[in-house]
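Number of protein chains: 2
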Amino acid sequence: MTDQLAKNYPELRPPLRTLLGPGPSDIHPRVLEAMAKPTVGHLDPYYLELMDRLQAMLRTLFQTGNAMTFAISATGSAGMEATVVNLIEPGDTMAVCINGVFGQRMADVATRAGAQVIRIEKTWGQVFTADDLAPALERKPKVVGIVMAETSTGAGQPIEEISRAVHDAGSLLLVDAVTALGGMPVCVDDWQIDAIYAGSQKCLSCPPGLAPVSFSEAAMEVIRTRKSSVQSWYLDTTMLSSYWGTERAYHHTAPINMTYGLYEAVRLILEEGLDACFDRHLQNHRALRRGLEALGIGYAPQTGYELPMLNAVWIPKEADDAWTRRELLRRYGIEIGGGLGDFRGRVWRIGLMGYASRMSNVLWLLAALEQLLAEQGVPIEPGSGIAAASRFE
Amino acid sequence: MTDQLAKNYPELRPPLRTLLGPGPSDIHPRVLEAMAKPTVGHLDPYYLELMDRLQAMLRTLFQTGNAMTFAISATGSAGMEATVVNLIEPGDTMAVCINGVFGQRMADVATRAGAQVIRIEKTWGQVFTADDLAPALERKPKVVGIVMAETSTGAGQPIEEISRAVHDAGSLLLVDAVTALGGMPVCVDDWQIDAIYAGSQKCLSCPPGLAPVSFSEAAMEVIRTRKSSVQSWYLDTTMLSSYWGTERAYHHTAPINMTYGLYEAVRLILEEGLDACFDRHLQNHRALRRGLEALGIGYAPQTGYELPMLNAVWIPKEADDAWTRRELLRRYGIEIGGGLGDFRGRVWRIGLMGYASRMSNVLWLLAALEQLLAEQGVPIEPGSGIAAASRFE
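For the record, the sequence lines run as chains A and B. Following our numbering, the numbering of the first sequence begins with 3 at its first residue and continues without gaps. Following our numbering, the numbering of the second sequence begins with 3 at its first residue and continues without gaps.
Just so you know, these hints were derived from the structure itself, not from any lab. Take the hints with a grain of salt, since some may be wrong.
Remember, identical chains collapse to one label, so a pair may be satisfied in a single copy or spanning two.
Claimed, not checked - With a Cα cut of at most 25 angstroms, we get these calculated SDA-like pairs of lysine to any residue:
#	residue 1	residue 2
1	Lys229	Gly300
2	Lys9	Glu274
3	Lys39	Pro12
4	Lys229	Gln373
5	Lys9	Pro40
6	Lys9	Gly343
7	Lys229	Pro40
8	Lys124	Asp134
9	Lys9	Thr62
10	Lys142	Ser386
For clarity, every value in this text was computed on a predicted model and none was experimentally measured.
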């Protein structure tokens, strides 16, 4: 390598971060190891077996028996697009619940798919009740889309009541579980979810690049009887079902090493046990919350609906948003997220997702935050945050 | 982990293969190492710098100054879809040159994007001349799509003459370089290519999962002045340009570790030097060809247009296609590809791509093939293949 090349394209040396933002989350060493295992062909008997196993594990995570449970070969947003474009044909009506960035995005995706979109809007951070949906449901939309864990607001949306109302109207229920999956119960069958998508880089603690999805039999029936082709060749579920199904028909070249990573990531969750994993997310969330509240920092979402894996909190008025986040990264190597859209400059988003949801991270962040807030003249009692957090209950 | 879990979801232990199929190709150890480096956030200053560097390297590979040169966060087929759906609006005319699977696929993708598709068809393995395109060009299509290296037939399509004809007609030229990029010259600016896509898993020898693309200024102007939104949110180049450009506006969460892999993969090519890399592909192709011809095995594509990185050869009539490939994998750990579509059961596709393009692999494959062919009664002289291949010229 010439000196010039070496200067322009230096050796890959990513800094060590503690990823407490809205994702990607910290990756477990075993998952990083898995990413580097020798690549095999995408039709290799070993890989086909791995796909079967991954599907079975994803069914456990999604708590579903759905045959069409697999991973889209792209990131979570492509999972959103996959569920929407497979269910929607031009002219179909789709109602979308919007109380944050990802509801907005879903409405955008649905519009691009040719849907007549009914927007059901609510203040950011508030959750929906069945009553909120009633006027839209009277119009009998083909599909109703809703975000279970709004990554932009930190609000957790209960699904069961919504699902009953949606099905009573004869609609299909489409759920965004990008941030929820792996960090709290997601019960696809019990809640009668017809299409759902997630991302690999949140509570699954795998690098970004795959989007686990699941389609109910009712959804697949709608897809199989479409009048028009799915607008996306890459995301066409009927073609993908021939590759993930028993036929193993070549569709695209699957991202082998990403699949290794996801396999190991989900395996870690099943080893821990779903309930233990959800409880860990909850306990660490409560500890962080005690600590933040001791520092006078409150939560943005509607009370009682705060997500365990994504803590959206009001930025103290004396603190500079950008400076604080920059110094957290520079001095401590800690990444947290800023606000998006309506919450820009007003909210911090602190992720405790997957492998990153550890008590050591809670204390490390609080200690760093105490220091930075004190420097900016935020009236806090140094040490009070970590003391409150570490009062194990 | 309970015994049952350990049994159902065993430790990840992929077998060691020699990947001489149509991709993925063998991955260089430095690329696998890169895949396992610590994940940082997708808006981390380190990652943003890495994106800049990757873009600069991809411009060198594509031999272009195009600002919009970057990687789509999905596999090569999504690169195809990205170039098509950004350029095409419903009702636009697109001519597609079809002489194999990937031309067919491009026509399918264009149809789904709402294009009026003009199919220009030729026998599999033959290449196109400007004359072949003349009738279609009279209809002044907005875009003409063509595959530079047809992975299904092993035929290499010269682009320059086609490009002149396409631009004389006032059309935009869209090129599939999935299998070409990194293994032979791809001169985007000199050849006036308006949109081009590739895949990470062929001659770049990175695991599958990213699709390098480049758009000319003329193409971007067409995209910026569209009347309708791009049908795919995930692949919308105007939004992606805000993330890859100076604004760094959040779009989707980039596949960080895949980007690490691609960075290291392209860095290896630049270290070797483009010309040396192309010459290596050519020399190893010639060696394989001498060996195969000594065994009486001929090439499927039009003479003079055989691709260096993908050798599509006729299966000897005495040989059983499936058995031979299965035994290559089982006994020797060697993967080669079977035929697709018109070539199913008639052609083997032997890739010598990227890191897999090594003389040791040529000899290893020929030795294994000689053994298996002899067992099936194919009339060959044992040792003649590897002897012919190793006559260095």
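Here's how the hints hold up against the structure:
no., hint, verdict
1, Lys229 with Gly300, "neither (50 angstroms within a copy, 45 angstroms between copies)"
2, Lys9 with Glu274, "between (44 angstroms within a copy, 16 angstroms between copies)"
3, Lys39 with Pro12, "both (24 angstroms within a copy, 15 angstroms between copies)"
4, Lys229 with Gln373, "neither (61 angstroms within a copy, 52 angstroms between copies)"
5, Lys9 with Pro40, "between (30 angstroms within a copy, 22 angstroms between copies)"
6, Lys9 with Gly343, "neither (38 angstroms within a copy, 47 angstroms between copies)"
7, Lys229 with Pro40, "neither (43 angstroms within a copy, 46 angstroms between copies)"
8, Lys124 with Asp134, "within (9 angstroms within a copy, 58 angstroms between copies)"
9, Lys9 with Thr62, "between (48 angstroms within a copy, 15 angstroms between copies)"
10, Lys142 with Ser386, "neither (53 angstroms within a copy, 72 angstroms between copies)"
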